[in-house]
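If you read the protein sequences in the order shown, they are chains A and B. Read left to right, the first sequence gives residues 1 to 382 (UniProt numbering). Read left to right, the second sequence gives residues 1 to 382 (UniProt numbering).
If you are wondering where the hints come from, they were derived from the structure by calculation, not from laboratory data. Hints should not be assumed to be uniformly reliable.
Label pairs and their calculated CB-CB ranges [as the list claims (entries may be wrong)]:
(1) Gln100/B to Asp269/A: 31 to 39 angstroms
(2) Ala25/B to Arg254/A: 47 to 55 angstroms
(3) Glu200/A to Pro89/B: 46 to 54 angstroms
By construction, the Cβ of each residue, glycine as well, lies at the ideal position given by its N, Cα and C atoms.
Protein chains: 2
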Amino acid sequence: MKFTIGRAAFTAQLIDVSRAIPSKATIPILTGIKITATKEGITLIGSDAEISIESFLSVQDDSLGLVIEETGSIVVTARIFNDIVRKLPTTKVTIETNEQFILTATSGEAIFSLNGTDGQSYPRLPEIESDRKINLPTVLFKELISQTIFSASNQESRPVLTGVHLMMNEGHITGVATDSHRLSRRQIPVEFTTDQANFEAITIPKKTLNELERIVQDDQMIEMIVTEQQVIFLIDNLTIYSRLLEGNYPDTDRLLPSSHTTEIVLNADQFLHAIDRASLMSHQGKNNVVQLDITDDNIDLSVQGSSLGSANESISAKSTTGEPIKISFNPDYMKDALRSFSGVDINVGFTSSVRPLLISALEKSETPNNELLQLLTPIRTH
Amino acid sequence: MKFTIGRAAFTAQLIDVSRAIPSKATIPILTGIKITATKEGITLIGSDAEISIESFLSVQDDSLGLVIEETGSIVVTARIFNDIVRKLPTTKVTIETNEQFILTATSGEAIFSLNGTDGQSYPRLPEIESDRKINLPTVLFKELISQTIFSASNQESRPVLTGVHLMMNEGHITGVATDSHRLSRRQIPVEFTTDQANFEAITIPKKTLNELERIVQDDQMIEMIVTEQQVIFLIDNLTIYSRLLEGNYPDTDRLLPSSHTTEIVLNADQFLHAIDRASLMSHQGKNNVVQLDITDDNIDLSVQGSSLGSANESISAKSTTGEPIKISFNPDYMKDALRSFSGVDINVGFTSSVRPLLISALEKSETPNNELLQLLTPIRTH
Numbered sequence: 001m002k003f004t005i006g007r008a009a010f011t012a013q014l015i016d017v018s019r020a021i022p023s024k025a026t027i028p029i030l031t032g033i034k035i036t037a038t039k040e041g042i043t044l045i046g047s048d049a050e051i052s053i054e055s056f057l058s059v060q061d062d063s064l065g066l067v068i069e070e071t072g073s074i075v076v077t078a079r080i081f082n083d084i085v086r087k088l089p090t091t092k093v094t095i096e097t098n099e100q101f102i103l104t105a106t107s108g109e110a111i112f113s114l115n116g117t118d119g120q121s122y123p124r125l126p127e128i129e130s131d132r133k134i135n136l137p138t139v140l141f142k143e144l145i146s147q148t149i150f151s152a153s154n155q156e157s158r159p160v161l162t163g164v165h166l167m168m169n170e171g172h173i174t175g176v177a178t179d180s181h182r183l184s185r186r187q188i189p190v191e192f193t194t195d196q197a198n199f200e201a202i203t204i205p206k207k208t209l210n211e212l213e214r215i216v217q218d219d220q221m222i223e224m225i226v227t228e229q230q231v232i233f234l235i236d237n238l239t240i241y242s243r244l245l246e247g248n249y250p251d252t253d254r255l256l257p258s259s260h261t262t263e264i265v266l267n268a269d270q271f272l273h274a275i276d277r278a279s280l281m282s283h284q285g286k287n288n289v290v291q292l293d294i295t296d297d298n299i300d301l302s303v304q305g306s307s308l309g310s311a312n313e314s315i316s317a318k319s320t321t322g323e324p325i326k327i328s329f330n331p332d333y334m335k336d337a338l339r340s341f342s343g344v345d346i347n348v349g350f351t352s353s354v355r356p357l358l359i360s361a362l363e364k365s366e367t368p369n370n371e372l373l374q375l376l377t378p379i380r381t382h
Numbered sequence: 001m002k003f004t005i006g007r008a009a010f011t012a013q014l015i016d017v018s019r020a021i022p023s024k025a026t027i028p029i030l031t032g033i034k035i036t037a038t039k040e041g042i043t044l045i046g047s048d049a050e051i052s053i054e055s056f057l058s059v060q061d062d063s064l065g066l067v068i069e070e071t072g073s074i075v076v077t078a079r080i081f082n083d084i085v086r087k088l089p090t091t092k093v094t095i096e097t098n099e100q101f102i103l104t105a106t107s108g109e110a111i112f113s114l115n116g117t118d119g120q121s122y123p124r125l126p127e128i129e130s131d132r133k134i135n136l137p138t139v140l141f142k143e144l145i146s147q148t149i150f151s152a153s154n155q156e157s158r159p160v161l162t163g164v165h166l167m168m169n170e171g172h173i174t175g176v177a178t179d180s181h182r183l184s185r186r187q188i189p190v191e192f193t194t195d196q197a198n199f200e201a202i203t204i205p206k207k208t209l210n211e212l213e214r215i216v217q218d219d220q221m222i223e224m225i226v227t228e229q230q231v232i233f234l235i236d237n238l239t240i241y242s243r244l245l246e247g248n249y250p251d252t253d254r255l256l257p258s259s260h261t262t263e264i265v266l267n268a269d270q271f272l273h274a275i276d277r278a279s280l281m282s283h284q285g286k287n288n289v290v291q292l293d294i295t296d297d298n299i300d301l302s303v304q305g306s307s308l309g310s311a312n313e314s315i316s317a318k319s320t321t322g323e324p325i326k327i328s329f330n331p332d333y334m335k336d337a338l339r340s341f342s343g344v345d346i347n348v349g350f351t352s353s354v355r356p357l358l359i360s361a362l363e364k365s366e367t368p369n370n371e372l373l374q375l376l377t378p379i380r381t382h
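From just these sequences and the hints, can you work out the full model?
What follows is the structure, encoded as structure tokens:
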């Protein structure tokens, strides 16, 4: 294998692909990056067995300055290879391998030799057979991820809850995540045919969606293909492969309260900042709990009983309707939920001090099937 | 105690003083910040017993918006108090204490109560008796710190080597640091009378100089007072107290080679970048060693024998004089030394492959007593 490529473009692709590569792995070859040169271009692959990221650099893309002299493939340790390419002295780098699988990177007067492994020994990625590609609206899908992913569980005891559950319905996709203390639910409008969506629902691991959200730019297209055990995202020259989470996802719709005995309207950021301040004190105590006391438009927020001290604040709501209520909750969960509303006015609905509270935006979207809900289970303090 | 103050200015002073405060301490009260209100203003004190930082906020400084209603003093846990003040909702904060040493911070509708301790129980700082203040040239003194401090030892077996040694001579101060593998030496011109400098030499702990360098702005004045066991730095409204390191500092002048058998001239940054690249490979092996091979103006830099691979680079020197030489050294020490020359052309002098090499700037300063030297002991590889 021998090729020359522009160093900046090569470095950028190495960084994207390396997002999948673990620094330590039980399968040693997975700490490597696979580099394959064909007449058409260079393919880079990184994987941790759950997520694989593939990047294709085409000889036809003039911005890459890619010239292939000899085809072949090799695997080299990703971390050190990336560091070397990043720090080389000139704008071009020539990569060459020999029969002993030693890779040589040359740039200006600098020559690095790295011991590698035969590219044939790297695990193969599944072939993409499906033509059932769904075009996802990039900005809305990234919102769906960021507004739900924090509610996904970290507990491996129920693996299916560690992902975000996507449900396909005519004209929209609904994303749900829950750790059984809180639930996030976002609907976004998506056009697809029943032919394209050959499935009702899938659950995608949190890590996959985190990487997708970081890698994809707002102006890029995302195509999604779902196979029996995998989901594949196509973004320009990048392909992200991920396993799906198995198991029955709970029926979450029945958890959403249909009516409220108390409702308040206030600004999400104003509420967020007050909770954030109060949490400074609740973090000091054994129980990380903040209490709300709603009787009129002045809502009392308080943290009591910490050995270090206490916090009190009165927040002006825009409106308060229904019964007076006292309710306690985990302020960190509330902060996550409030942040997802990006500072708009919100409606918070309560049923009782032991039933979940429901947060939604005061103004509904003009687009149908475009809605965000955050559900939070209170903490019983008596 | 009761006072009201502008929150932004108060936060900035809390941050400076808190630099001295440990998050955990064997003497619990040292995790606190002492706040004292007198008619003249507010004094904040933080300390880890080795370094103490004091800030005075005067009622006469209109920018602080400081109004004192009641004098007194208290100690509260620094970390949480700082977080609270930083996150309060309005531009002003009122601090009040009661007889149970509970501090209340009020800002807008937010009220925080923090359990504190009597300010009388906080250790007292030494009184500054000396009028022997030396005015230090701020920018040059900060250079002296940053260009020597990395050579100070981390080994507590010889405590005196963990600091920077300052020697007072007519018209200049010389700072030296060494961990016995390398030595940094910077001279700066300073005007003082023998009356002001009531000492020949002192050794200041590394941590003190690190904090001083971070806190002091280039346009601020530094005054230094040396007492029997302490050094005190005065910077505007801040006072930094530090213990001095005890013990005899080694006579380092005799370590500096007086002549060289080989000399090269090259650009510090060009050399630095090549060493930095080569160190990517040397960090992979057991011995962190880079080798230089000097025969003509093309200097060969190489790393061999790592199980992962090798690195080679040829660097063009501006001139090479004297005997051919092969010499090996720790690239991380070399990088520290080269960085201190900020990209100017340097002269590197060699005596033999087992004797220290000496780095100095090619162009000497026009100001007398203004010189930087870096000494590096090679590694024997045979």
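Consistency of the hints with the structure:
1. Gln100/B to Asp269/A: 31 to 39 angstroms: 36 angstroms, holds
2. Ala25/B to Arg254/A: 47 to 55 angstroms: Holds, since Ala25/B and Arg254/A (Cβ atoms, about 53 angstroms apart) stay within the stated range.
3. Glu200/A to Pro89/B: 46 to 54 angstroms: 47 angstroms, holds
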